[in-house]
Every structure is written in structure tokens, then in C-alpha cells.
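J.: Got chain A; can you put chains B and C on it based on the hints?
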Amino acid sequence: MQAGWVLLTLELLGVFAFALNGALTAMRDATLDLFGVLALGCVTALGGGVIRDVLLGEPVASLQVWWYLATATVGALAGFSGHRVFARMGRPLLVFDTAGLSLFCITGAQVALDAGLPAGQAILLGMITAVGGGTLRDAIVLKIPSILTGGLYAVPALVGAAIAVLGSEVGDVGLLPALLGAGACAALRAGGVLRGWHAPQARLDPPRNS
Amino acid sequence: MQAGWVLLTLELLGVFAFALNGALTAMRDATLDLFGVLALGCVTALGGGVIRDVLLGEPVASLQVWWYLATATVGALAGFSGHRVFARMGRPLLVFDTAGLSLFCITGAQVALDAGLPAGQAILLGMITAVGGGTLRDAIVLKIPSILTGGLYAVPALVGAAIAVLGSEVGDVGLLPALLGAGACAALRAGGVLRGWHAPQARLDPPRNS
Amino acid sequence: MQAGWVLLTLELLGVFAFALNGALTAMRDATLDLFGVLALGCVTALGGGVIRDVLLGEPVASLQVWWYLATATVGALAGFSGHRVFARMGRPLLVFDTAGLSLFCITGAQVALDAGLPAGQAILLGMITAVGGGTLRDAIVLKIPSILTGGLYAVPALVGAAIAVLGSEVGDVGLLPALLGAGACAALRAGGVLRGWHAPQARLDPPRNS
Numbered sequence: 023m024q025a026g027w028v029l030l031t032l033e034l035l036g037v038f039a040f041a042l043n044g045a046l047t048a049m050r051d052a053t054l055d056l057f058g059v060l061a062l063g064c065v066t067a068l069g070g071g072v073i074r075d076v077l078l079g080e081p082v083a084s085l086q087v088w089w090y091l092a093t094a095t096v097g098a099l100a101g102f103s104g105h106r107v108f109a110r111m112g113r114p115l116l117v118f119d120t121a122g123l124s125l126f127c128i129t130g131a132q133v134a135l136d137a138g139l140p141a142g143q144a145i146l147l148g149m150i151t152a153v154g155g156g157t158l159r160d161a162i163v164l165k166i167p168s169i170l171t172g173g174l175y176a177v178p179a180l181v182g183a184a185i186a187v188l189g190s191e192v193g194d195v196g197l198l199p200a201l202l203g204a205g206a207c208a209a210l211r212a213g214g215v216l217r218g219w220h221a222p223q224a225r226l227d228p229p230r231n232s
Numbered sequence: 023m024q025a026g027w028v029l030l031t032l033e034l035l036g037v038f039a040f041a042l043n044g045a046l047t048a049m050r051d052a053t054l055d056l057f058g059v060l061a062l063g064c065v066t067a068l069g070g071g072v073i074r075d076v077l078l079g080e081p082v083a084s085l086q087v088w089w090y091l092a093t094a095t096v097g098a099l100a101g102f103s104g105h106r107v108f109a110r111m112g113r114p115l116l117v118f119d120t121a122g123l124s125l126f127c128i129t130g131a132q133v134a135l136d137a138g139l140p141a142g143q144a145i146l147l148g149m150i151t152a153v154g155g156g157t158l159r160d161a162i163v164l165k166i167p168s169i170l171t172g173g174l175y176a177v178p179a180l181v182g183a184a185i186a187v188l189g190s191e192v193g194d195v196g197l198l199p200a201l202l203g204a205g206a207c208a209a210l211r212a213g214g215v216l217r218g219w220h221a222p223q224a225r226l227d228p229p230r231n232s
Numbered sequence: 023m024q025a026g027w028v029l030l031t032l033e034l035l036g037v038f039a040f041a042l043n044g045a046l047t048a049m050r051d052a053t054l055d056l057f058g059v060l061a062l063g064c065v066t067a068l069g070g071g072v073i074r075d076v077l078l079g080e081p082v083a084s085l086q087v088w089w090y091l092a093t094a095t096v097g098a099l100a101g102f103s104g105h106r107v108f109a110r111m112g113r114p115l116l117v118f119d120t121a122g123l124s125l126f127c128i129t130g131a132q133v134a135l136d137a138g139l140p141a142g143q144a145i146l147l148g149m150i151t152a153v154g155g156g157t158l159r160d161a162i163v164l165k166i167p168s169i170l171t172g173g174l175y176a177v178p179a180l181v182g183a184a185i186a187v188l189g190s191e192v193g194d195v196g197l198l199p200a201l202l203g204a205g206a207c208a209a210l211r212a213g214g215v216l217r218g219w220h221a222p223q224a225r226l227d228p229p230r231n232s
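Protein chains in written order, with the working numbering: chain A, 23 to 232; chain B, 23 to 232; chain C, 23 to 232.
Rather than coming from a laboratory, the hints here were simulated on the basis of the structure. Among the hints, erroneous ones may be present.
What the hints assert, rightly or not - Derived coverage of chain C by chain A (criterion: at least 3 residues anywhere in the stretch with Cβ under 8 angstroms from a Cβ of chain A; other residues may be distant):
1. 50-63
2. 71-84
3. 150-164
Keep in mind that this is a model prediction, so the values were computed, not measured. C-beta: ideal position from N, C-alpha, C; glycine also.
Bound-form chain A, shown alone (with noise of 0.2 angstroms):
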């Protein structure tokens, strides 16, 4: 029970950061006016939750209950009316991205697992939730994902969801898999981008036509 209310915390900050950054995008990349400031934010901060929830088959927890659309909001508020104190930071859109990462990675997986999911299938879909958000994001500001550009994207939530799932199946260790998964993530994330890590690249020569 108590885990139960760790987890929904967590989540419900995955949801304030990625509309954060969400409002951030809308405003630097884009130059949207204050609603689709907020729409920006929501559907970034909510989109990873629908996309889990739709392949699940289950009910679409942001429209069951009020507190993540009311959290987003906020969020994207916080971002639209902050946006001068958030540009004072270093790489404010890599901060809150990297936090919404994170927590939705180790959450989107409880989720699943809570659905029933075999632990493979819940790895994938902390992934999935944890990406989701800021592909819609990237998609609709016409910007090639995330996911797909350097620095390490889907990677460091495939590994923090795993760490979470399988620390989970250890034994009744309480939140600590959870944390730990966490935390890889934003640390490779992070490494992803400040260190420039990345994964091996190939190139095809462009074939003019096909």
C-alpha cells in the first residue's frame, strides 16, 4: 500500500516534469500561443500512460481520474509562466525530459506488471511509456524523435525499467529496484548527452530512387 503511494508520487512528478518540458518545447521550438502551450505540455507529459493503456486494454487512467490532467496543467503553467527562471538553468529541457524519463520508465513497467504482464513485456512497456510522451512531443513540433537521434534515448529506460522489473523479482525488496532503475536511467541518459555516448552508426549512400 505504502509502495503504492511511492509509485503514484513518483509518477504524478514523471507527469509534472514532462509537461514542464512539454511547455518549454512549445515555447522554444515553436511559437504557440498559451493553449498550445498547455496542450503541448499535456500531451507530452500524458501521452506515454495513453499509449500504455491503450496497448493494454485497459481504461485510460488520465481520463478516470482528475489529478494527472490537473498535474499536467500545472505543469505546463508552471513552464509557460516560469519559462525566464527555467532558462537561467543549464539545458532546462534536458533536465525535466530526463526526470520524466526516468520515472515513467520504472512506473509505465509497475504498471504492466501489475497488469498482469509477463516481466519481458512489462521491460517493454516501461520503455514505451517512458518515450512515448516526448515522441508525440517531437512529432507534432515536426522534429525528428528523441528516440531516434543521438544521445541515447529509448536505451536508458529499457535498462532502468529492466533493472526495476527484474530487482523486483529478487524478492520483497520494497521500492529499491524501483529507485535503482530509476536512477541508471538518468544516469545514462544524462552520460548520453553531456559525454556524448552513443551507439554504433551506419550510413547507407543514398540510392537516388526506390
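T.: Relative to chain A, chains B and C alone:
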């Protein structure tokens, strides 16, 4: 019962208007052949309802019965064959988009109420139904979606859905709230574009990376 | 029973072909690292089936069993590591895209029939299954989707699904209609690209705003 028929008629009118708009968009913003025009018309016309049904966990209406797809196809064909006629209207894209938006925000909200959702969620789902098709249309032809840019798009749909839902809770007033809601949505949307009404804006100075 | 195994084999061949295509697209149209290539390969290969299952309200097949994801991963890895070999084929993207399209239009229609849909909707869903993955692929790398541009894309899938569905209603003719449908789809698609077959076009003169 009679209200049911009126609402179905309004919904099919909305499908027709959005299909026309999608077809004209396909011919203006991208050079598409007949089948591309049909495809974009159908996605614009039926996308919002599909998203609504998937979020509600209900069977997708436009796969259950044939008249939605038939209406969308006829609307898109009308746009394809009559585009010279429509071009003589001032702003045909705006006219049909506003009609679809106004009709879908009230019918989408009503479908959500009929599915047992409380008022708040029904209003939200009415808005999502109204803006969903146009957002898919813009994503496909690679425009920043109307929902995010100037001239008020999501807000009129939200206001229209709210009037329809809250009005219908007042008492047995028949279709009056729905028609008032659709009218308010159309007025706000048209005012937003023609008069340049817009919400407050803010813009982040571009910090180079993050 | 035997037909079931043949259809599963055809579906996995389609997954493999689309994963290869998605991976090669990722390397040609965007400079992605290994994980980006894997992600785009899997989205291309599994997206159509996921959309099909969500529209049907069925559990998502590629989350229920592992072989879809495994096949997609192997296909994307084959594209990543063997891209120089494939580049020596004429138009490798077209070959694998056509293979996936032809196989998915018949298997998607069959899944829809097995789920109890009538013939018309099953044909439509076969087409959606076939074009869904490629449409997601194009949206993610920011191309106008193949479904909307020249060379016939959705029409061959529609024709292939129609032959498979209507043929199977004629009587107990085994897999013949499915194979005929896949062949017709491949022939139409290849003819569309190589011979420049296309449907009638029309274009609106750009009215500046609306």
C-alpha cells in the same frame, strides 16, 4: 430517440465537412493523386472519432457501420471533383474545418456521456474528438497542427463541448445545449481567425543545445 | 490448422521485410545510431499490426508473444549490418516495402475475419494493417507518407485484401485466395513505381490564407 437521429445527422454532417476539408488540404498542401486525396479526407473525417472510441475502450464506430466511411468518401470525392467551385468561396478550408470542429465537439461529448463518463471527462473527450482528425491531417502533411498555432482551435471546441454537456445537465431541454455549443464553437473559431483573437504568447530565447 | 501455420509464416516474413525496410530507411533518410535503427525497424514492422489490434479491441499480438518482436529485431539488425549488401540490390527499400505490404494486407484481413468482422471491414482493416507501419515510419522521419504520394500504395493493399477476403468466401479453396491477393498487391505496387502508373491528380491553386 428523435434526439439520437438529430445527433447522428449532425455527426455525419461533421464527417462530410472534415472530409471535404481534408481533401482540399491534400490538394493544396501536397500534390496528391485521387487515392491520396481520399485517404487524407477519410483520416481527417474519421480520425477524431476513432481516437475517441479507442480512448473510451468502445468498438470503433466507423468500423462497425458503413455510413461513416461512405459519407467520408463522398465528402472527399466532392472535394476532389469540385475543388474549383470551392476555391471561389472565401477560405473554403476554414469554413469546412470550422463546421467539422463545431459538430464534432458536441457529438463527441454526447458519445462520451452515453458511454458513462462524468461531465468533466466528457467535455475533454468532446474536444479531443473535434481536434483529433485535424491534428492527424496536419501531422501527415507535415504542418505544425492547427491545435498548436494561432487563431484559437482547441479552445472553441472545449467551450462548445462544455456548453453542450453542462447545458444538458440543467434539465430536459432537448437539443438546445448542443446547438448552442456548436454555435459558440463556430463563433469563437471564426472570430479567432478573422479578427485575430489569440491567447497570450511567450517565447523562450533559443538556448543553443539541450 | 495448416493454413494457420502458413499464415503465421507469411506474417513473420512480412514483419522481417518491413523491419529490414525500416532499418534501411533509418540509415538513408536520417543518420541514426544502432538503437534508432532498431526502433524504426520495429515500429515499421509492428506498427500496422498494433493499429489493427487496437482498432479491433483485441490484445496486441506483438505484446502477447515474443516471436514478432524477435523477428523484427533480427530483421532490423540484418538491415543494420548488411546495408552494403542490400545497397547492391536495385531499390532494396522498394523490394522489402512491397513484400511487407503484400503479406500484411492478406494476413491483416484474415485476422479481422477471424475476429468476426464482416467482409467489407475486414478488407479495410487488411489495408490499414499493410499501410500502418510504413505510415508511422514516414511520420517519424518526417516524410510525406507513401500512402499519400505517387506510385499507388494503399490501392494495391486494398485490392490484395479484397481478393483474399472475397476469394475465401467462394468456398473451401485453402490458401489460394490469400496467395493471389498478395501477388496482385505486389504486382500493382511494383507496376505503380516502375511503370509510373498513377491515379488522376488535381491541385488547388494556393489561396494565400485560411
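J.: Run the structure past the numbered hints and jot down the numbers of the failing ones, going up.
T.: none
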